[in-house]
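Q: Here the structure of chain F is known, so what remains is to put chain G in place on it, guided by the hints.
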Amino acid sequence: DAKTTQPTSMDCAEGRAANLPCNHSTISGNEYVYWYRQIHSQGPQYIIHGLKNNETNEMASLIITEDRKSSTLILPHATLRDTAVYYCIVRVYNQGGKLIFGQGTELSVKP
Amino acid sequence: GAVVSQHPSWVICKSGTSVKIECRSLDFQATTMFWYRQFPKQSLMLMATSNEGSKATYEQGVEKDKFLINHASLTLSTLTVTSAHPEDSSFYICSARDRGGGNQPQHFGDGTRLSIL
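So the protein lines, in turn, are chains F and G.
According to this note's numbering, the first sequence is numbered sequentially starting from 1.
According to this note's numbering, the second sequence is numbered sequentially starting from 1001.
Excised from the complex, chain F in its bound form (with noise of 0.2 Å):
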């Protein structure tokens, strides 16, 4: 499986773009980026997702690396609301298109 990379943890100030990083340099040319945030006690919530051209939606923007190695996932202005743990996930090509989550990077919006 492609594993990614992310920061355990990020601060972001209100009104302020928070930018996220994820590696995932072992990823295969057909599988797919996706990032899903996760707020306390809910079930993860779907973001956008990529595969090599940069995606905008009402949500976020993913902008994916040339050699697709590492993408990051951009919140515009990001509020209070925000604050989750957000999840960069490469999908395994032929697999039932199963997600396998790693740890994640838990984002805090702070006034």
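What the hints contain is simulated information worked out from the structure, not anything from laboratory work.
There may be inaccurate statements among the hints.
[Claimed, not checked] Pairs of lysine-lysine residues, derived as BS3-like cross-links and limited to a Cα-Cα distance of at most 30 Å, are as follows:
id: 1; chain 1: G; residue 1: LYS1014; chain 2: G; residue 2: LYS1064
id: 2; chain 1: F; residue 1: LYS98; chain 2: G; residue 2: LYS1041
id: 3; chain 1: G; residue 1: LYS1020; chain 2: G; residue 2: LYS1041
id: 4; chain 1: F; residue 1: LYS98; chain 2: G; residue 2: LYS1020
id: 5; chain 1: G; residue 1: LYS1055; chain 2: G; residue 2: LYS1066
id: 6; chain 1: F; residue 1: LYS3; chain 2: G; residue 2: LYS1014
id: 7; chain 1: G; residue 1: LYS1041; chain 2: F; residue 2: LYS69
id: 8; chain 1: F; residue 1: LYS3; chain 2: G; residue 2: LYS1041
id: 9; chain 1: G; residue 1: LYS1066; chain 2: F; residue 2: LYS98
id: 10; chain 1: F; residue 1: LYS69; chain 2: F; residue 2: LYS3
id: 11; chain 1: G; residue 1: LYS1014; chain 2: G; residue 2: LYS1055
id: 12; chain 1: G; residue 1: LYS1055; chain 2: F; residue 2: LYS98
id: 13; chain 1: F; residue 1: LYS98; chain 2: F; residue 2: LYS52
id: 14; chain 1: F; residue 1: LYS98; chain 2: G; residue 2: LYS1064
id: 15; chain 1: G; residue 1: LYS1041; chain 2: F; residue 2: LYS110
id: 16; chain 1: G; residue 1: LYS1064; chain 2: F; residue 2: LYS69
id: 17; chain 1: F; residue 1: LYS69; chain 2: F; residue 2: LYS52
id: 18; chain 1: F; residue 1: LYS52; chain 2: G; residue 2: LYS1020
[Unchecked claim] Sample of chain F residues lacking proximity to chain G, with all beta carbon distances greater than 12 Å (derived):
id: 19; residue: MET10
id: 20; residue: ALA13
id: 21; residue: GLN38
id: 22; residue: GLN45
id: 23; residue: HIS49
id: 24; residue: LYS69
id: 25; residue: ILE74
id: 26; residue: PRO76
id: 27; residue: THR79
id: 28; residue: GLN103
[To be verified] Sample of chain G residues facing chain F (criterion: CB under 10 Å; computed from the structure):
id: 29; residue: GLN1006
id: 30; residue: LYS1055
id: 31; residue: ASP1110
In this text, a Cβ means the ideal position worked out from N, Cα and C, and glycines have one as well.
A: Only chain G this time, still in chain F's reference frame:
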């Protein structure tokens, strides 16, 4: 957006009881659903992949006779924790992926908190 409903949200049972947890995809059909378990301050651990109309695929170390999975329709998978004991107390979370497959993301339920006394 895609909604996955899990029921019950929390349950407290006596040791030795069997507990059933339901996972429903409300606005899409899912040939595949997944069951996870999460202990406090830990990440989600995949327990099994639930396939509609066939047997579930369990991850290494997960007892299939302890955690019975049934995926009888395209919108419903159930997890039964048989003869539950205090060490089975955990947060159980399901997810589902649209039958369209491809790179579509999984969507998660809000979890079931199981406490065995």
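Q: Each hint: holds or not?
A: Hint check results:
A threshold of 30 Å between alpha carbons decides the hint, and for LYS1014/G with LYS1064/G the separation of about 21 Å falls inside it, so the pair holds. Distance restraint check for LYS98/F and LYS1041/G: the Cα-Cα separation of roughly 22 Å lies within the 30 Å cut-off, and the hinted pair is therefore satisfied. Distance check on the hinted pair: LYS1020/G and LYS1041/G sit about 24 Å apart at the alpha-carbon level, within 30 Å; holds. A hinted pair counts as satisfied when its Cα atoms are at most 30 Å apart, and LYS98/F with LYS1020/G qualifies at roughly 22 Å.
With a C-alpha separation of about 15 Å, the suggested pair LYS1055/G and LYS1066/G falls inside the 30 Å cut-off, and the hint holds. Simply put, LYS3/F and LYS1014/G have alpha-carbon atoms about 39 Å apart, too far for the 30 Å limit, and the pair is violated. Distance hint between LYS1041/G and LYS69/F is fulfilled; the C-alpha atoms sit about 28 Å from each other, no more than 30 Å. At roughly 20 Å between alpha-carbon atoms, LYS3/F and LYS1041/G fall within 30 Å of each other, so this suggested pair holds.
Using a Cα cut-off of 30 Å, the hinted pair LYS1066/G and LYS98/F holds, with the two alpha carbons roughly 21 Å apart. The straight-line distance between the Cα atoms of LYS69/F and LYS3/F is roughly 11 Å, inside the 30 Å bound, and the hint therefore holds. Among the hinted pairs, LYS1014/G with LYS1055/G is consistent with the structure: their alpha-carbon atoms are about 29 Å apart, no more than 30 Å. With a C-alpha separation of about 16 Å, the suggested pair LYS1055/G and LYS98/F falls inside the 30 Å cut-off, and the hint holds.
Using a Cα cut-off of 30 Å, the hinted pair LYS98/F and LYS52/F holds, with the two alpha carbons roughly 20 Å apart. Distance restraint check for LYS98/F and LYS1064/G: the Cα-Cα separation of roughly 18 Å lies within the 30 Å cut-off, and the hinted pair is therefore satisfied. With a C-alpha separation of about 21 Å, the suggested pair LYS1041/G and LYS110/F falls inside the 30 Å cut-off, and the hint holds. With a C-alpha separation of about 36 Å, the suggested pair LYS1064/G and LYS69/F falls outside the 30 Å cut-off, and the hint is violated.
About 10 Å separates the Cα atoms of LYS69/F and LYS52/F, which keeps this hinted pair within 30 Å; it holds. As the CA atoms of LYS52/F and LYS1020/G are separated by approximately 41 Å, the hinted pair breaks the 30 Å bound. Every beta carbon of chain G lies more than 12 Å from that of MET10/F, the smallest distance being close to 17 Å; the non-interface claim holds. No beta-carbon of chain G comes within 12 Å of the beta-carbon of ALA13/F; the shortest separation is about 25 Å.
Remark: the non-interface label on GLN38/F conflicts with the geometry, its nearest Cβ contact in chain G lying 8 Å away (cut-off 12 Å). With a minimum CB-CB distance of about 7 Å to chain G, GLN45/F fails to clear the 12 Å threshold, and the non-interface call is violated. HIS49/F, annotated as away from the interface, has a beta carbon of chain G within 12 Å; the closest lies near 6 Å. The claim that LYS69/F lies off the interface holds: its Cβ sits roughly 19 Å from the closest Cβ of chain G, which is beyond the 12 Å cut-off.
Every CB of chain G is more than 12 Å from the CB of ILE74/F (nearest about 18 Å), matching its label as outside the interface. Every CB of chain G is more than 12 Å from the CB of PRO76/F (nearest about 20 Å), matching its label as outside the interface. Here THR79/F stays apart from chain G, with its beta-carbon at least about 20 Å from theirs, past the 12 Å limit. For GLN103/F, the condition that its CB be more than 12 Å from all CB atoms of chain G is violated, with the nearest at approximately 5 Å.
Taken as an interface hint, GLN1006/G checks out: its beta carbon lies about 7 Å from the nearest beta carbon of chain F, inside 10 Å. The beta carbon of LYS1055/G comes no nearer than 13 Å to any beta carbon in chain F, farther than 10 Å, and the hint placing it at the interface is violated. The closest approach between the C-beta of ASP1110/G and any C-beta of chain F is roughly 5 Å, which is under the 10 Å cut-off, so the hint is satisfied.
This entry does not satisfy hints 6, 16, 18, 21, 22, 23, 28 and 30, going by the numbered hints stated previously.
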